[in-house]
Amino acid sequence: MTTLHYLNGYPAALLERIQTLLEQDQLGTWLERKYPSRHDIQTDKALYQYVAELKQHYMKNAPALAKVAYDNQQHPVKGTLGTNTFVARVQGGKLKSKNEIRIAALFRDAPEAFLRMIVIHELSHLKEKDHNKAFYQLCCHMEPDYHQLEFDLRVWLTWRELA
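Mapping of the sequence shown onto UniProt numbering: position 140 corresponds to residue 140, and the numbering continues sequentially without gaps.
Listed next, the in silico DSS-like pairs over lysine-lysine satisfying Cα-Cα at most 25 Å (straight line):
hint	residue 1	residue 2
1	Lys60	Lys98
2	Lys94	Lys127
3	Lys127	Lys67
4	Lys133	Lys60
5	Lys96	Lys129
6	Lys98	Lys45
7	Lys45	Lys60
8	Lys67	Lys96
9	Lys60	Lys127
10	Lys67	Lys98
11	Lys45	Lys67
12	Lys60	Lys96
13	Lys96	Lys45
Beta-carbon label-pair distances, calculated as ranges:
hint	residue 1	residue 2	range
14	Pro36	Val87	36 to 42 Å
15	Asn132	Gly92	32 to 38 Å
16	Ala105	Leu54	15 to 21 Å
17	Arg33	Gly92	55 to 61 Å
18	Asn8	Thr83	17 to 23 Å
19	Ala13	Asp130	27 to 33 Å
None of these hints come from the bench; they were simulated from the model. Just so it is clear, CB atoms sit at the ideal spot from N, CA and C, and this is done for glycine as well.
Working from the sequences, and respecting the hints, build out all of it.
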C-alpha cells in the first residue's frame, strides 16, 4: 500500500477510494476528466497580471503587491506550495513595506483551478496572517469550491509524485 502523505487527516473512506484508483492506474484519468486543461500563465509577468486581477476583484483595499513570481525553491514535500512575505525596511526617514507572493513552479503545469486556489490562498494572507476561521472564510468567499480544490490538489500532487 502506498503512503498518501499529502492526504493525511482525511477520512479513511476517501483514502481507500484514492488508493483503489491508484492501484487500478485510473487516478490520472479521473483527474484529467475533472480538470482537462492546463493554463497559459507561464511567465512571472502573466502570473502577476493574473494575481492582480483577482486581487482587484476581491480585495481592492488590500496592500499592493511588489512582486509575484514562480519559485523553483518551493516544493510540496517541504510543505510549501506558495508563500506570502511582508518585508518592512527603513529607507531614509520612511518605513517602506513590500508584499511578495511566490508560487511553486510546479503550478506552471497544473490545471488553472489549482493555480487559482493557491493564488487565492496567498492573497487571503494579505488580510489574515494565520490559518484561522476568518482566513478560510475569506478563501471560500473568493472561491466557493476552495476546500474541494484543496483536496483535489492534494490528490493531484500524490498522482504526480507516484506517476
